[in-house]
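Trainee: Sequence:
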Amino acid sequence: MKGELKSIFRGGALLSMESALDIVARFVTLYVFAKLASKEVYGVYTYLQSWFGTLIFLSLPGLSNAIFRSAARGFDGDLTRGISLRLKFSIIASLAFLGLSSYFKFSGKPELVGGLIYAAIFALPLYALADYRSFLHGKMRFGLATLIGGVLAFLRTLLVVFGIFLGFGGASIFGLNLFGQALALALGLFVSFRLRTNKEHDKEFLSFGTVLSGIAILGAISYQVDRLSVGSLLSMNELANYGMAFLLTEPLREFGVVLYRLFFPRLAAKQRANWDLSYLRAVLLAIFALIAAYYPIYLAYQFGVKWLFPRYADALPLVRWLIVAALANIVVMLLETYFQAQDRWLKFYYGFTVSVKVAQMIFTPVAVYLFKVYGAVGSLVTLRFLALAVGSTILFIRGRRAVSLNLDNSNPSG
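Counting in the working numbering, the sequence shown runs from 1 upward without gaps.
Any given hint might turn out to be false.
[Said to hold, decoys possible] Straight-line C-alpha distance at most 25 Å; calculated DSS-like pairs for lysine-lysine:
1) Lys270 - Lys199
2) Lys35 - Lys306
3) Lys372 - Lys306
4) Lys203 - Lys88
5) Lys203 - Lys347
6) Lys109 - Lys372
7) Lys347 - Lys270
8) Lys270 - Lys203
9) Lys88 - Lys199
[What the hints assert, rightly or not] Distance ranges between label pairs, derived from CB positions:
10) Leu277 - Gly53: 31 to 39 Å
11) Thr210 - Gly108: 38 to 46 Å
12) Leu370 - Phe303: 29 to 37 Å
13) Gln271 - Lys109: 48 to 56 Å
14) Val28 - Phe106: 31 to 39 Å
15) Lys105 - Pro310: 32 to 40 Å
16) Leu36 - Val358: 37 to 45 Å
17) Lys109 - Asn198: 45 to 53 Å
18) Leu87 - Phe385: 36 to 44 Å
19) Ala389 - Ile121: 41 to 49 Å
20) Leu87 - Val257: 21 to 29 Å
21) Val403 - Gln302: 38 to 46 Å
22) Lys109 - Leu370: 20 to 28 Å
23) Ala389 - Gly167: 43 to 51 Å
No lab work stands behind these hints, which were simulated from the structure alone.
Even for Gly, the Cβ is constructed at its ideal location relative to N, Cα and C.
Required output: the full structure, derived from the provided sequences and hints.
Mentor: The following block contains the structure:
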């Protein structure tokens, strides 16, 4: 037990360090953008990033989770298979970016064309090579993942800041971002291949990865739909405010990813029906802890935005509600981690996740159209709380049923 706890804390510390390096790099980028670039330039940069994040669904991103699971279960051969498949499907994404560049050229938005051409060039390596991280995390080689993640964050930030200082437009700065990532991801892939100890394959790799890729189609679109809606229906200046508020609260969402990466390998390694209620109690404790943390977090953000980002002080109301949405999302991710790791919950996980993402895709553009930028925030907050309520309730009901069946089976005479 002591060894397990020590391993969890050590892994958590390394994952937190990896996340912290990325957050510091993003913060430096945001700070330089806020000081030296116009809101129009930052809006274009954010809009292009949103498109790049959305079209990842064309590259079978669910294979990344399948590689993570295979690595955790000792099937190292699936790394090569997964990357090969993603490289092939990334060609579709590249063609889609070229199509988008033509569309925006003829629709009167030439400032986006160059960035979409850069996306078409870099989609092929970036979408596939990022799976080094899933492999290393599945192997619980968190130290190596942190080192490579630090190199990636440094190169990306260095090139972006260089572009801002030179007064480049949003599209050119976006291209520098992609180039820096490509260099670091190539290093990550090289290290991952050196760490493989076998060429075995999980017979469920393709089915698991394909199903998750279907969900990821919805995930990629639903994650970016708020910024795409604001950028498409409103202005680049309003997108700059929303994008700044969203990225400032990204550390809170990233904390949920850290918890997922930390606990999934352990939960996936053991399948136990009697864990349901115990896990729900842990989730409830997390909810109380996050409620207690909300006000101090908001005060810190309020001070930080006014001091470091005075030009974006009008984004503070957005920051406040995005903090609420991000904290709720941490709890939803804790539930999804359990549902995805335990095989008996997989069917429910698929339906649960798809329902949440479809609702967000439908509700968010309508909310932005009706309520402008606050519609995007309102949709995030509302849907996170609905997902939390539904997921917790179902876990409680099925957990009680599992306990009841166990009691009945242990005492057949009644």
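Trainee: Are the hints correct? Go through all of them and say.
Mentor: Results of checking the hints against the structure:
no. : hint                        : result
1   : Lys270 - Lys199             : 23 Å, holds
2   : Lys35 - Lys306              : 13 Å, holds
3   : Lys372 - Lys306             : 23 Å, holds
4   : Lys203 - Lys88              : 21 Å, holds
5   : Lys203 - Lys347             : 18 Å, holds
6   : Lys109 - Lys372             : 21 Å, holds
7   : Lys347 - Lys270             : 18 Å, holds
8   : Lys270 - Lys203             : 18 Å, holds
9   : Lys88 - Lys199              : 21 Å, holds
10  : Leu277 - Gly53: 31 to 39 Å  : 36 Å, holds
11  : Thr210 - Gly108: 38 to 46 Å : 39 Å, holds
12  : Leu370 - Phe303: 29 to 37 Å : 33 Å, holds
13  : Gln271 - Lys109: 48 to 56 Å : 51 Å, holds
14  : Val28 - Phe106: 31 to 39 Å  : 37 Å, holds
15  : Lys105 - Pro310: 32 to 40 Å : 36 Å, holds
16  : Leu36 - Val358: 37 to 45 Å  : 40 Å, holds
17  : Lys109 - Asn198: 45 to 53 Å : 50 Å, holds
18  : Leu87 - Phe385: 36 to 44 Å  : 39 Å, holds
19  : Ala389 - Ile121: 41 to 49 Å : 44 Å, holds
20  : Leu87 - Val257: 21 to 29 Å  : 24 Å, holds
21  : Val403 - Gln302: 38 to 46 Å : 45 Å, holds
22  : Lys109 - Leu370: 20 to 28 Å : 24 Å, holds
23  : Ala389 - Gly167: 43 to 51 Å : 49 Å, holds
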